[in-house]
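J.: In case you want the letters, here they are:
There are 2 protein chains.
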Amino acid sequence: MPRPANPLVRENLLNAGLNLFHAQGFNAVGVKEITDTAGVPKGSFYNYYSSKNAFAAAVLSRYWTGIVHAHGAVLSDASLPPAHRVIRFFEALTQDHAEQGFALGCLIGNLALELSAENDEAREELTSIMTRWSALVAACLTEARNEGEVAETPGADELASMVIEAWEGAAMRGRVDRSRVPYDRFLTVSLPRLIGTARAHV
Amino acid sequence: MPRPANPLVRENLLNAGLNLFHAQGFNAVGVKEITDTAGVPKGSFYNYYSSKNAFAAAVLSRYWTGIVHAHGAVLSDASLPPAHRVIRFFEALTQDHAEQGFALGCLIGNLALELSAENDEAREELTSIMTRWSALVAACLTEARNEGEVAETPGADELASMVIEAWEGAAMRGRVDRSRVPYDRFLTVSLPRLIGTARAHV
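Chains A and B are the protein sequences, given in the same order.
Note that the working numbering has the first sequence beginning at 1, numbered continuously upward.
Note that the working numbering has the second sequence beginning at 1, numbered continuously upward.
Be aware that one or more of the hints could be misleading.
Stated by the list, open to error - Computed cross-link-like contacts, DSBU-like style, restricted to lysine-lysine with a CA-CA straight-line distance of at most 30 Å: (1) LYS52(A) to LYS32(B); (2) LYS32(B) to LYS52(B); (3) LYS52(B) to LYS42(B); (4) LYS52(B) to LYS52(A).
These are calculated hints, taken from the structure and not from any lab test.
All figures in this text were calculated on a predicted structure; none of them were measured in a lab.
Isolated chain A, as found in the complex:
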């Protein structure tokens, strides 16, 4: 790191990377395209990130943090029954995807399936995000279970993971078909069946 880091440059790089990776994928986008979009010289990229791979890890972290900031609060909204909070959370994610015409899918899922074994830093970030995402949803499912809202088995972490995986599959199909249909059936059928609540979403 030959020069002091400039937080604004870092911010511009992350925003550029997030938009470009989401729209085009990791391998289709070069460092020059990222720095051009961020409005910084190509050489400065390496003052901030040791590699495009390390940068992808930072972009994923930023994407996940954005989701938590925008929608995490609903999962602890005591005014709603816990199982409904989970449904509301995924409804909010669906709304985010709707704003992109269901054309881009989830950046986490996209990079999970594009990055290869060589992309170790980004892959470690993906594992970390999946673990944190499961824990966030599991906390809500544990509350729901304590209130008798959802089925007793399996463990809340397992159940949360299954819900997130079904969500990611719905987002995948939605991206293929450019359609909200897979999202809607996830919200109205898959999610209630998986968590074992008979209630329709409200």
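Given the coordinates of chain A, work out where chain B should sit on it, guided by the hints.
T.: Showing chain B alone in chain A's frame:
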């Protein structure tokens, strides 16, 4: 197409493309790497395929045909209750993924999330595969429904799509974690809950 097509060359190209795209993705692999792996001159690629994008469509078709040939029969195996056939089908797919150490995921899902709007031929093939896959599983679920094995709603096509989407999400997480855990919870919990059968798999 300046020269007569040689079926062996086409076969070698498809096999090379399937292995390379599955291991590395679409954008990380160039035409030269495909022709080198297939043992044919680079120029001959365009005697067979008008573009790498058209080639990806053919590779996807080959991948899907391989799945149907290897595992499709179990879905019409009258010696098994229909709901169990569906479970057996996905167990067979899981076994395929196990042979790759759960490191590669499903090529259909991988390309669904990597290809962008510009890859129109390959994306049309993805839509076609998802539709045929849903129909294949739906036929079995309709039988199961007629025998009272699974829940009445929603429609068999919708239900089949939800099952396939949950499977793709499990394969995604399995690829991130290099683990069979997401596959196992899909087979033992998600799939029975989604199709509404209480029976454990046999």
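J.: Now look at each hint and say whether the structure bears it out.
T.: Outcome of the hint check:
| no. | hint | in the structure |
| --- | --- | --- |
| 1 | LYS52(A) to LYS32(B) | holds, 24 Å |
| 2 | LYS32(B) to LYS52(B) | holds, 11 Å |
| 3 | LYS52(B) to LYS42(B) | holds, 12 Å |
| 4 | LYS52(B) to LYS52(A) | holds, 25 Å |
Checked against the numbered hints listed earlier, the structure breaks none of them; every hint is satisfied.
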